[in-house]
Amino acid sequence: MEIKKIFILENKRWVLGSIFLAIVFLSPIIALFVNFFSSDKNTLIYLLETVLLDYSFNTIYLIFIVSIFSLFLGIIPAWYISNYKFFGRNFFDIALYLPLAIPSYIMGFTYIDILSYTGPIQSFFRSNASFLADYFNNDYLQIEVLGIILGFALYPYLYAASRISFSMIGSNYFNISKNLGLSKLQTFYKVILPLSRPAIFSGLFLVIMEVLNEYGAVKYFGVNTYTTGIFRSWFSLGDVGGAIQLACILLFVVMVLFILEKQSLKKSKFYYGKNVKIQQMISLKTISSAPIILVCSIPFLFGFLIPCVFIVFNVIQTYNEINFHKLFILVNNSVFVSSLSSIIIILIALFFLFVERISKNKINSQISNLISLGYAIPGAVIGLGLIILFSPFSLIGSFFILFFAYIIRFLAVAKSPIKSSLEKHPETFDDTGKNLGLSPLSLLKKIHLPINKFALISAFIVTFIDVMKELPITLILRPFNFDTLATKTYEFAVEEMIPLSSIYSLVIILIGSVMLLFLKKFINKQINVS
Amino acid sequence: MYLEIKNLVKHYDSKFPIIKDLSFKVKKGQLISFLGESGSGKTTFLKCIAGLEKINGGSITLNSKYLNAENVFIKPQERKVGFVFQDYPLFPHLNLEENILFNLEKKYLKKFNYILKLTRLKYLVDRYPHELSGGEQQRACIARALIREPELLLLDEPFSNLDATIKEAMREEIYKIIKETKTTTILVTHDIKDAMNISDKIIIFKAGVLQQYADPVKMYCEPANCYCAEILGDMNKIFHNNETYYIRPEKVKIISKKSKYKVEVHKCFFQGKEYKVKGRMNNEIWHFFSKEYVREKEDVYVDFGKKDLIYFDPVCKNFFK
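Protein chains in written order, with the working numbering: chain A, -2 to 527; chain B, 1375 to 1695.
For reference, chain A alone in the conformation it holds in the complex (with noise of 0.2 Å):
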């Protein structure tokens, strides 16, 4: 009889591999915390009697803000757009998506710039109706303001998670609520809203995150945040302690959002696998949808379309002054960085997602969880961690740090849809994989690369459009003198010149527009959202 002694562990090396990457990853993480327990304790204490508690409260009233306006704005369209059959209902489909191509900081430039005293508003009402016009006058450089806007740009975010979760819930749960005796209303907050729970809280995280993230407006509008206080202690009081200690208290409360998340989808997490047969939708005639058409104009007229015609305008008035050699430098910057650094985001993420697939062990499985982390850590707190880890090594503004700081803010983007694509297809496929003699490597390259090629194609535009409006990690950790389209906006815009930077904006909408058009085109295709 032959024995065979080679009782290794299973996909050792795959294992190991990915625990490596990881710590890695986290390294600017952990470099953070190091720091903060070895960093003198008065600068705490200093921080707590001054500037916390006024950083705290800017950062949880704009919170609150920006979600009660996104959750408006994202859930109602939703609901009626998965529901009815109304004119209009496919351009609102996609229309609605857009305002996700408009980056936060140019949105929040643009509306204070339609806003302000030589502005399109003031100068009509001057001009037509001067007994308005003091009415109008006002500083608008305040935090509601902002939480408006933000509410405007940051809204799609809840649209595509409630109109997922609103399409998925089939007809059987209308069907049983009618059959019990519930309106339509009632049937939409006492059975669709808990059922749509995990999604609107998904989709409510993410909003919560670009809003801790958010540098550019926040600045723009001198409300002080946890993130413009890491900046300023930084850059501009030269404290980096300071900016260590404020980052690390903004990593606690991103931690317990997280967790919360996290457990919020573990409690209630639905499976509308079993209930799949579609709602019909109701048809409604022109009139009686003239309402619903309203409520989804206002987010794409206010979150999409006014800004993009003010932002044309500008670029008409300044067309003299635009340097397209410029120009064409800084969209092959951007486009560079974007679709570079998207790749090499894909290419980690389909390794972690893979790992933990083949593997199916714990440690694997909280490894991408824990990964997963990145992107709800705002960029500026990633860049002094790796500017803490990477000073000894003079690596500070090359390629390699601003592409590690992108994979650890956007590795969870990139994930995101190859896992569902991952988790739609059976385990019998690895195993039939492995039983007809494939190796892991083989089985990723002749499998899974094949049949996922579309959730990579789709994880591809997200994490391209994310990197090309990013803001705070370019700022900080780009090479020298190298600009993007993101950081340039921003650059005139804080210099008040924001029909200078109107040009830069309209690239990266245009850009972002037409791939997000794409994207959601094929989305529909995949997912068959009706």
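Read the hints as simulated data drawn from the structure, not as lab findings.
Some hints could be false.
[Stated by the list, open to error] In silico lysine-lysine, DSS-like type, Cα no more than 30 Å apart, as pairs:
1) A:Lys9 - B:Lys1394
2) A:Lys357 - B:Lys1394
3) B:Lys1454 - B:Lys1550
4) B:Lys1484 - A:Lys442
5) B:Lys1641 - B:Lys1631
6) B:Lys1480 - B:Lys1592
[Stated by the list, open to error] If you want the footprint, here are the derived chain B segments under chain A, 3+ residues with CB under 8 Å:
7) 1414 to 1426
8) 1460 to 1468
By construction, the Cβ of each residue, glycine as well, lies at the ideal position given by its N, Cα and C atoms.
Given chain A's structure and the hints, the job is docking chain B onto it.
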């Protein structure tokens, strides 16, 4: 012996073993049905043989080679074990031909046409999995496994996803294919009919332990315990000579004369060829067959041969509860 499972133990949590101690032997070319309830560890057992799961104790030997034992583990791809999974996992990005030939060694290519003919898939080679019916997908999976000339074929609930109308035809067809290729096969199922109709031998598995391993006739007529008896069909309970005995419904005959076995009829189900009668005798539910309709609430007298009575230890029923 061709396949030998010896004292096999498998657990994910040592406190709750899925397979406690399993031993049996299979001769070359035999078709063995592995019968057990859902969730009893049948698929896990097949995965252990295929090398997709590692065992925690005992050994698996195939064709005089250890596949898995203490310090021995042959990789799944080196075992020559074909596995047809329950959900017919054909790769969606490959057509039928590409699926069958997937990762196939060149030496097996010459068998392609033979396998296609055998599985009646010749005219479907260009189709993608979503363009095939359940039965065609199943045959494709079997073709993909058989073309590699496996030393052992494992079928995991191969008929569970098929409509009742085509299930019987598929069962016969697969039996023919397996017997023609003389492939040693283990068929995992929870359906008694599958096991009874096509198996050379049946294994009944419960609570992580093999309950009985015998040919279908012996298993039906001489079940090792009350669990094996009940899993293969109805049993009627009767007190005789101060002991509890059991008897199969088909061994019970309605008689016109009065006897000491009187049954009060509850229901009479028409089953085509005959009626199945459900009734009560001495507070026990009884089933038997009748050529004619028997009216409900009427009393009928039955009798049976004493040699057909089956005896089990009185604790047997409680043990399996």
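- Message: Tell me the numbers of any earlier hints that the structure contravenes, in ascending order.
- Response: Hint 6 contradicted; others consistent.
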